[in-house]
Amino acid sequence: MRPSAAAVRSTLLGPLPLIALFIGAWWLAVVSTRSLIVPTPWQVGAGLVELAREGLLIKHVTSSLYRVLVGYLIAAALAIPLGICMGWFKGIFTAVNPLIQILRPISPIAWIPLAIIWFGVGDFSPMFLIFLSAFFPMVVNATTGAHTIDQQYIRAARNFGVSGLTLFRLVVFPAAVPHIIVGMRVSLGVAWLVLVAAEMIALNSGLGFLIMDSRNAGNRYDLVVAGMVLIGVFGLLLDGLIRRLEGLKEVRWRYGR
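Numbering (the working numbering), first residue to last: 22 to 278.
To be clear, the hints were calculated from the coordinates, so they are not data collected in a lab.
A hint or two may mislead.
[Stated by the list, open to error] Simulated crosslink set (SDA-like; lysine to any residue; CA at most 25 Å straight-line):
# : residue 1 : residue 2
1 : K111      : Q173
2 : K80       : A218
3 : K80       : I137
[What the hints assert, rightly or not] What follows is a set of in silico ranges between Cβ atoms, one per label pair, in the way DEER data are often shown:
# : residue 1 : residue 2 : range
4 : G45       : G210      : 23 to 33 Å
5 : A67       : F255      : 15 to 25 Å
6 : A50       : L214      : 19 to 29 Å
7 : E71       : G112      : 50 to 60 Å
Built from N, CA and C at the ideal position, the CB exists for glycine as well.
I would like the entire structure built from these sequences, with the hints used as guidance.
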């Protein structure tokens, strides 16, 4: 069922008062303290226009999005099937989980020196770091989703002769999707954190590089904050795309419990 026009308007316009309040408080704080470092919202907006005019906005945004999406999608393609299998098959969980738990607490940032040695200074290093940062939250949540399926769904499906891959496709995967989506959303946030750190250290393009370069080359704090704003905006947009999975008819029944 499609959302009503009123629901769409509420979704789009509902956050605007809080955003306006935040921008107003930001401007008031800068003006009242007469800060020479923290830019006003209008200065940040002017910085974004400057980046767009010079062609740097597209360059940095596309570089970061490319690295995030490639590393993130590879992680999802491997973590989600593995997590479902770990949650459904005890033998796989017993064999794989110890290694997952050993590697999971290691910060992806700690892998930066090795990533540079293995992949050099280029796109592959941040992609590898994003893969690591996104893989573990997704595999853990997919495992939980498959392991905690209400057995009444399984029994009902088997009573109708559903088994094997069909059972996975019609019952196990849809029932695990809410947990998977949570893992995907958490992974996306961590991926952006790691990407910015990687771009600050070992690259010459991307939003992380923009932030660090603007700080070092002339203290352009308007561009520093502009880079931060862009990361937040694109993080919000990508999170919204992931949340749209909740509306798929194959998984909507699980949310109605």
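Tested hints:
Only pairs whose Cα atoms come within 25 Å are accepted, and K111 paired with Q173 is accepted, the gap being roughly 19 Å. For the suggested pair K80 and A218, the alpha carbons sit about 18 Å apart, so the restraint of at most 25 Å is met. As the CA atoms of K80 and I137 are separated by approximately 22 Å, the hinted pair is consistent with the 25 Å bound. The hinted range of 23 to 33 Å is satisfied by G45 and G210, whose Cβ atoms lie roughly 26 Å apart.
For the pair A67 and F255, the beta carbons lie near 20 Å from each other, so the given range of 15 to 25 Å is met. Between A50 and L214 the C-beta distance comes to about 25 Å, which sits within the given range of 19 to 29 Å. Roughly 58 Å separates the CB atoms of E71 and G112, a value that falls within the hinted 50 to 60 Å.
Hint compliance for this structure: every hint is met.
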